[in-house]
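Chemist: Kindly produce the complete structure, drawing on both the sequences and the hints.
Protein chains in written order, with this note's numbering: chain A, 1 to 200; chain B, 1 to 200.
Be aware that one or more of the hints could be misleading.
[As the list claims (entries may be wrong)] Covered stretches of chain B, as calculated for chain A (at least 3 residues, CB under 8 Å):
no.: 1; segment: 3 to 13
no.: 2; segment: 28 to 35
no.: 3; segment: 39 to 45
no.: 4; segment: 58 to 69
no.: 5; segment: 93 to 103
no.: 6; segment: 149 to 158
To be clear, the hints were calculated from the coordinates, so they are not data collected in a lab.
All residues carry an ideal CB built from backbone N, CA and C; glycine is no exception.
2 protein chains.
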Amino acid sequence: MADPLPRAVTRLIDELARLPTIGPKTAQRLAFFLLRASSSQAQTLGRAVASLHDGIVTCGQCRNYADAEPCTICADGERNAALLCVVEDPLDLAAIENSGGFAGRYHVLHGAISPLEGIGPDDLTIDLLLERVARGAVGEVIVATNATIEGDATAMEIGQRLRGQPVRVTRLARGLATGGDIEYVDAATIAQALEGRREL
Amino acid sequence: MADPLPRAVTRLIDELARLPTIGPKTAQRLAFFLLRASSSQAQTLGRAVASLHDGIVTCGQCRNYADAEPCTICADGERNAALLCVVEDPLDLAAIENSGGFAGRYHVLHGAISPLEGIGPDDLTIDLLLERVARGAVGEVIVATNATIEGDATAMEIGQRLRGQPVRVTRLARGLATGGDIEYVDAATIAQALEGRREL
Chain A
1 MADPLPRAVT RLIDELARLP TIGPKTAQRL AFFLLRASSS QAQTLGRAVA SLHDGIVTCG
61 QCRNYADAEP CTICADGERN AALLCVVEDP LDLAAIENSG GFAGRYHVLH GAISPLEGIG
121 PDDLTIDLLL ERVARGAVGE VIVATNATIE GDATAMEIGQ RLRGQPVRVT RLARGLATGG
181 DIEYVDAATI AQALEGRREL
Chain B
1 MADPLPRAVT RLIDELARLP TIGPKTAQRL AFFLLRASSS QAQTLGRAVA SLHDGIVTCG
61 QCRNYADAEP CTICADGERN AALLCVVEDP LDLAAIENSG GFAGRYHVLH GAISPLEGIG
121 PDDLTIDLLL ERVARGAVGE VIVATNATIE GDATAMEIGQ RLRGQPVRVT RLARGLATGG
181 DIEYVDAATI AQALEGRREL
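Modeler: Shown next as structure tokens:
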């Protein structure tokens, strides 16, 4: 039985289905959307994908992906070099940056400790973080790993490795999310919100 | 505030978020997956997208997308030219073809009548279907539009337009899906399964 779809369509469906969150049906929908779209629209997207790696570097200081070395945040002399915020990945960094609530610098771990996935401390950029702290300019390390088992394990590891260093090590507060209705909040979060309660 | 992500990443996230079923969060996940993948993997996908339209033609007979004109199905002399299966789109054709249960030819409407979306009979390839039937080689038109309001409206329109032609017009059976548990089947399907009941 011959394939009833053109070769280029079948090839694209196969390639798309390899991506995370994209199943075979979504891959088909996307391929036909692009086929019905103009050729130039497909070319624009295709070039954005194909040239993604061109010119992207990893910043030697914070290890974030960047257009140049050092990245714009590390190169910004206005930012507080004594405050170092440690995140799991660049999207966490972007979320904190977009909150507008932080004017220090960052360190990107590129993952979190996860024995199940075979990711240990040595697979992250913890050694580089220790080197940065050892250079002496950092006064506080804010560990902003995710509020997950992996994020907690990573935070504990960083806390242990920094013990004895003349640096304050903190973690993001746990509690109710803004707009959260207590009725629908999970028990672990309520317990942490109670434990971390503050004077009115 | 400077964009904390490299320009190429931001551009790709914007392009991906324009696709159907892909929200901003999925676009971010996909972009970072491709950034962590090898450059050649991103290039392979990018080229498959960019070159999608190259060399794809619309078959002059069945209106399916194809590598050549006529398509392999229309060019196949072994297939029964007297049986014509009318489908909404190429993925429906592929599903019927992959079922292995049909050895005739196809006609692709490229959509279904939908007043809500502003799609009328003239936006489909119904005129071309009538021309094919008028040429006289077709003995039966099997309308295989979806079992939806739009598919039903399209089937009715085709039935009316073919009235008086020396051709049998049929529709796919409605009833229980194979493996279906009657307990969980919707009322409309059960009613249609009863109505279409057959001798054991």
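Chemist: Hints first: check each against the structure and report whether it holds.
Modeler: Hints versus structure:
1. 3 to 13: holds (count 8)
2. 28 to 35: Holds, because 8 residues of the segment 28 to 35 of chain B bring their Cβ atoms closer than 8 Å to Cβ atoms of chain A.
3. 39 to 45: holds (count 5)
4. 58 to 69: Our answer is that it holds, as 4 residues pass the Cβ test (under 8 Å) against chain A, meeting three.
5. 93 to 103: holds (count 5)
6. 149 to 158: Not satisfied, violated; 0 residues make the cut.
Hint compliance for this structure: hint 6 alone is broken.
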